[in-house]
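Student: Produce the entire structure from the sequences given, and follow the hints as far as they go.
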Amino acid sequence: MINVSHMSKKYGDLEVLKDVNCQIRKGEVISIIGPSGTGKSTFLRCLNLLEVPAGGSIEIDGVDILSKEANVPKLRQKMGMVFQSFNLYEHLSVLNNLTLGPIKLLGKSKDEAKRRGFELLKMVGLEEKADSYPDELSGGQKQRIAIARCLAMEPEIILFDEPTSALDPTMVSEVLSVIRRLAKDGMTMAIVTHEMEFARNVSNRIFYMDEGVIYEEGSPEEIFQNPQKEKTKTFINRIRSFHYDINSDSFDFYGMNGEIKSFCEKYLSPKLVQKILLLTEELIAIYKPPMELDFDYFEKIDKLIIKVTSINELPSPLEDKLGVDDISRAIINNFTENIKEECINGKNSISMEIKSI
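Residue numbers for the sequence shown follow UniProt numbering, beginning at 1 and rising by one.
Source of the hints: derived by calculation from the structure; they are not laboratory data. Possibly wrong hints are sitting among the right ones.
Cross-link-like lysine to any residue pairs, in silico, SDA-like; alpha carbons within 20 Å at most [said to hold, decoys possible]:
| no. | residue 1 | residue 2 |
| --- | --- | --- |
| 1 | Lys307 | Leu272 |
| 2 | Lys74 | Gly101 |
| 3 | Lys300 | Met196 |
| 4 | Lys300 | Met1 |
| 5 | Lys78 | Met1 |
| 6 | Lys18 | Pro35 |
| 7 | Lys275 | Arg240 |
| 8 | Lys78 | Gly27 |
| 9 | Lys266 | Ile239 |
| 10 | Lys233 | Leu304 |
| 11 | Lys78 | Asp64 |
| 12 | Lys74 | Pro155 |
| 13 | Lys26 | Asn204 |
| 14 | Lys303 | Ser269 |
| 15 | Lys229 | Arg200 |
| 16 | Lys266 | Met256 |
Fair warning: this is a prediction, and the values are worked out from it, not measured in the lab.
Tutor: See below:
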């Protein structure tokens with residue numbers, strides 16, 4: 001239905017979209033997630049030419065809407081858009097917000113437009129608000145009206161730009177319920193959202209955007225349970241990281257300890273912080289520089305992983321050949337689990353999960 005190839009967008013020297021490539025098939029629900037400022041909303045606005053891409057192509061049903069010969073107004077009618085700020089006509093009643101477009105642009109009669117308007121208001125649960133004005137509605141009601149108005153134009157695909165971000169938290173569910181119903185009815189949708197659980201449940205595919213591209217895409221299970229790329233993992237698991245290089249035996253041990261403590265205290269209990277400092281001291285005694293220490297705290301699942309990386313051999317700290325004494329062995333055994341050894345690109349690493357977070 002929609003095929004995007006090598007799409008880019010610049011604002012002056014700032015390249016917001018670098019090389020976006022994707023397909024959206026009829027009946028699919030695509031949720032677009034990622035950190036703020038990575039081009040998610042710009043991507044949607046380029047799809048219906050609210051923003052004109054700097055390069056690339058956008059095909060709708062095989063027609064490139066960026067070509068000079070394209071009938072852009074007709075092609076854009078296939079796409080509806082729902083904004084985070086509702087964009088209702090404040091001087092018109094709710095019903096007239098729904099009927100204006102079909103009468104003016106689709107050639108519907110007033111009676112036909114009103115009949116369809118009432119059907120759509122009933123669908124979004126607001127039939128009794130037909131004669132109300134937007135300033136008499138709550139945020140959630142306004143957004144449901146905005147969705148109904150979009151549907152009145154009979155789009156083949158709807159683009160949602162963070163439809164719940166401007167809402168009070170108590171009103172989010174009513175809007176998401178309407179979008180879920182549209183998904184069940186087979187409406188093709190692309191949704192920029194920060195509602196991760198909603199995206200997981202309603203979508204056929206997930207686009208994770210970063211670095212101005214669709215950095216990773218896959219099914220909800222693939223993206224939320226087993227992301228493959230580092231930035232996706234960091235975003236999904238809300239990973240907080242600390243890195244420290246030890247280049248020689250004369251490194252600043254107390255300075256390092258202070259930095260590790262400051263990092264861990266942001267997320268962990270004082271008792272656990274002391275365990276981690278003690279464990280780190282044991283690891284430094286076992287392994288020799290040069291080496292790197294990485295501390296990754298997975299906020300979503302409340303887990304901390306410590307990783308040691310070195311060009312030197314890094315056998316398990318529990319192996320007898322290292323000559324680890326019984327006290328050190330007990331500390332490592334009691335504080336860690338799931339110890340894993342790896343060798344990637346000539347560098348050895350050993351990682352371990354901290355118990356009882």
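Student: Could you run down the list of hints and mark each one as holding or not?
Tutor: Results for each hint:
no.	hint	verdict
1	Lys307 - Leu272	holds, 17 Å
2	Lys74 - Gly101	holds, 14 Å
3	Lys300 - Met196	holds, 12 Å
4	Lys300 - Met1	violated, 36 Å
5	Lys78 - Met1	holds, 11 Å
6	Lys18 - Pro35	holds, 16 Å
7	Lys275 - Arg240	holds, 19 Å
8	Lys78 - Gly27	holds, 14 Å
9	Lys266 - Ile239	holds, 13 Å
10	Lys233 - Leu304	holds, 14 Å
11	Lys78 - Asp64	holds, 14 Å
12	Lys74 - Pro155	holds, 11 Å
13	Lys26 - Asn204	holds, 11 Å
14	Lys303 - Ser269	holds, 13 Å
15	Lys229 - Arg200	holds, 18 Å
16	Lys266 - Met256	holds, 16 Å
Going down the numbered hints, you'll see the structure goes against just number 4.
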